[in-house]
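Using the hints, position chain Y against chain U.
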Amino acid sequence: MHNCKVTRSSLIELAMNELPAARAGEMLSELKDCANCQEEYFSLRSVLRVSEQALESTLPEESFWSGYHARLSSRLENLSAADQQVHLRPSLPTALTLASRLWAALRQIVTASVRIPVPVAAALVLLAAVFGFFALRSRGQVIVNSAPPAPTVITRTIEVPVVQEKVVTRVVYLERARRRSPASGESAERGDSPNLAKRVADPGANAEGTTAMSLIGFKPTEQVKLKVVKGSYRDEK
Amino acid sequence: VPILSTEDELIRRAQNGETDAFCLLAQAYERRIYSLAFHYCRERQDAEDLSQDVWLKAYAAISSFRFESGFYTWLRKIMINCFLNHRRSKSFNWRGEDNVVFDDSEANEKGAQERPATASIELTIDNRLVVERVMQALSEVSSQQRLIFLLKHQEGMTYEEIAREIGCSTGTVKKSVSRTVSRLRQQLGVSDESKNYISCAATGILS
Numbered sequence: 001m002h003n004c005k006v007t008r009s010s011l012i013e014l015a016m017n018e019l020p021a022a023r024a025g026e027m028l029s030e031l032k033d034c035a036n037c038q039e040e041y042f043s044l045r046s047v048l049r050v051s052e053q054a055l056e057s058t059l060p061e062e063s064f065w066s067g068y069h070a071r072l073s074s075r076l077e078n079l080s081a082a083d084q085q086v087h088l089r090p091s092l093p094t095a096l097t098l099a100s101r102l103w104a105a106l107r108q109i110v111t112a113s114v115r116i117p118v119p120v121a122a123a124l125v126l127l128a129a130v131f132g133f134f135a136l137r138s139r140g141q142v143i144v145n146s147a148p149p150a151p152t153v154i155t156r157t158i159e160v161p162v163v164q165e166k167v168v169t170r171v172v173y174l175e176r177a178r179r180r181s182p183a184s185g186e187s188a189e190r191g192d193s194p195n196l197a198k199r200v201a202d203p204g205a206n207a208e209g210t211t212a213m214s215l216i217g218f219k220p221t222e223q224v225k226l227k228v229v230k231g232s233y234r235d236e237k
Numbered sequence: 238v239p240i241l242s243t244e245d246e247l248i249r250r251a252q253n254g255e256t257d258a259f260c261l262l263a264q265a266y267e268r269r270i271y272s273l274a275f276h277y278c279r280e281r282q283d284a285e286d287l288s289q290d291v292w293l294k295a296y297a298a299i300s301s302f303r304f305e306s307g308f309y310t311w312l313r314k315i316m317i318n319c320f321l322n323h324r325r326s327k328s329f330n331w332r333g334e335d336n337v338v339f340d341d342s343e344a345n346e347k348g349a350q351e352r353p354a355t356a357s358i359e360l361t362i363d364n365r366l367v368v369e370r371v372m373q374a375l376s377e378v379s380s381q382q383r384l385i386f387l388l389k390h391q392e393g394m395t396y397e398e399i400a401r402e403i404g405c406s407t408g409t410v411k412k413s414v415s416r417t418v419s420r421l422r423q424q425l426g427v428s429d430e431s432k433n434y435i436s437c438a439a440t441g442i443l444s
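Residue numbers (our numbering), protein chains in the order written: chain U, 1 to 237; chain Y, 238 to 444.
No lab work stands behind these hints: they were computed from the structure.
Idealized CB from N, CA, C, for every residue including glycine.
Watch out, some of these pointers could steer you wrong.
Said to hold, decoys possible - Here are the simulated DSBU-like pairs of lysine-lysine, each with C-alpha atoms no more than 35 angstroms apart in a straight line:
1) U:K5 <-> U:K32
2) Y:K411 <-> Y:K314
3) Y:K411 <-> U:K5
4) Y:K294 <-> Y:K412
5) Y:K411 <-> U:K32
6) Y:K294 <-> Y:K411
7) Y:K294 <-> Y:K314
8) U:K5 <-> Y:K412
9) U:K32 <-> Y:K412
10) U:K166 <-> U:K227
11) U:K166 <-> U:K225
12) Y:K314 <-> Y:K412
Unchecked claim - Some chain Y residues well away from chain U (every beta-carbon gap over 12 angstroms; in silico):
13) E246
14) Q381
15) I403
Next up, chain U with everything else stripped away, as it sits in the complex:
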């Protein structure tokens, strides 16, 4: 079914040979049935043909091309000469040439770039980051190892025999009242021993504050009371 609007929208493509051969043939057959569309198509073809002829007619004369070509050849020769001068530079002194070559190589290395797909680049960056992390970690360990050795504390358990203290309580009964009395008569009355009386009478003999005691002449009482104390003297009541 022919539709003028649809057909006219494709007329430019038809006139410019943009449509496939099958579609073009189909459209041309359609145009035969529609005088208006056919006329439109012919006018379009005319416009294009005239514009093509007009554009061609603006080209310069034949005489122009010889001069144009001469100018182009001249510019090409100049460009070629400039290239040759660049190639002639190796005739400079060897040292300079070597230095310049090294410099050029260095520049080429520094400025060189490689096209890498983004996933590969991302993987490389990730890999470098992981390596860097582990390198820093291992470096930290090396630093610790290279530091001066810290004093090591070794804990050993040694069994030491503990001497348990024994508390020995000895109870000595003295007649303190009679010893301290200055009257010898009293002492005699009481029946003290002469040595004891003598010691009390002569305090100089005990100038050091120590009491020299002797059991010579000591008479034990007839009644002996034994008091058994368990534990230390502190437990004594």
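Relative to chain U, chain Y alone:
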């Protein structure tokens, strides 16, 4: 086949640094390049500079030609890039889109002298009028639309090829061509009602 082998041979010689071989290559295509350059920038001096820049860049890059495509296809890519860069460059004194700079008087005078004496003055005037109107129509579209139209109309490239080379969508190419054709029709006075003028003009040019 012999022409292609000769062209390949010239390319190989040019790749080895033989300027003469490259000049022979340029001689084969220089008119085509110049024509596009002239219709693109619509001024003779600019067209010469632009077209020769294309050749200089092609000469500098000839070693990169790998024979994977035709030489002219490769050259046309350089030309399109050169045209687009030329338009973008600030040094390029681009003519305003509305100001048509078209001075073909000298060419027409010389052409008139060379034409047979039987050519009538009216025909010459008609031809010149048509040419001016075509150039006027081309000046009324943007430079990209003009380049797209030229690539389609003069170079016979497909919409897809143009879109790929210019770096735009196929729809943009279609619209550009449609817009330029519409301008041409307006300038040439072709409408649904009047079609006689274009027929007369076309007959005049083609005769």
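A quick look at each hint next to the structure:
1. Between U:K5 and U:K32 the CA atoms are separated by roughly 16 angstroms; this keeps the pair inside 35 angstroms, and the hint holds.
2. Restraint check for Y:K411 and Y:K314: the C-alpha separation of about 20 angstroms stays at or below 35 angstroms, so the hint holds.
3. Only pairs whose Cα atoms come within 35 angstroms are accepted, and Y:K411 paired with U:K5 is accepted, the gap being roughly 17 angstroms.
4. Simply put, Y:K294 and Y:K412 have alpha-carbon atoms about 31 angstroms apart, close enough for the 35 angstroms limit, and the pair holds.
5. Note on Y:K411 and U:K32: the hinted pairing holds, with a Cα-Cα distance of about 25 angstroms set against a maximum of 35 angstroms.
6. At most 35 angstroms may separate the alpha-carbon atoms for a hinted pair to count; Y:K294 and Y:K411 meet this at roughly 30 angstroms.
7. Annotation: proposed proximity of Y:K294 to Y:K314 holds, straight-line Cα distance about 11 angstroms (limit 35 angstroms).
8. A C-alpha spacing of about 17 angstroms is found between U:K5 and Y:K412, which places the hinted pair at or below 35 angstroms, so the restraint holds.
9. Taking the CA atoms of U:K32 and Y:K412, the gap is about 27 angstroms. The hint holds against a cut of 35 angstroms.
10. For the proposed pair U:K166 and U:K227, the alpha carbon gap of about 19 angstroms is at most 35 angstroms, so the pair holds.
11. Of the pairs offered as hints, the one joining U:K166 and U:K225 holds, with about 24 angstroms between alpha carbons and a cut-off of 35 angstroms not exceeded.
12. A distance of roughly 22 angstroms separates the Cα atoms of Y:K314 and Y:K412; the hinted pair therefore holds under the 35 angstroms criterion.
13. At the 12 angstroms boundary, the C-beta of Y:E246 stays outside the reach of chain U, the nearest C-beta of that chain being 18 angstroms off.
14. At the 12 angstroms boundary, the C-beta of Y:Q381 stays outside the reach of chain U, the nearest C-beta of that chain being 18 angstroms off.
15. For Y:I403, the shortest C-beta to C-beta distance to chain U comes to about 16 angstroms, beyond the 12 angstroms cut-off, and the non-interface label holds.
When the structure is compared with the earlier hints, no violation turns up for any of them.
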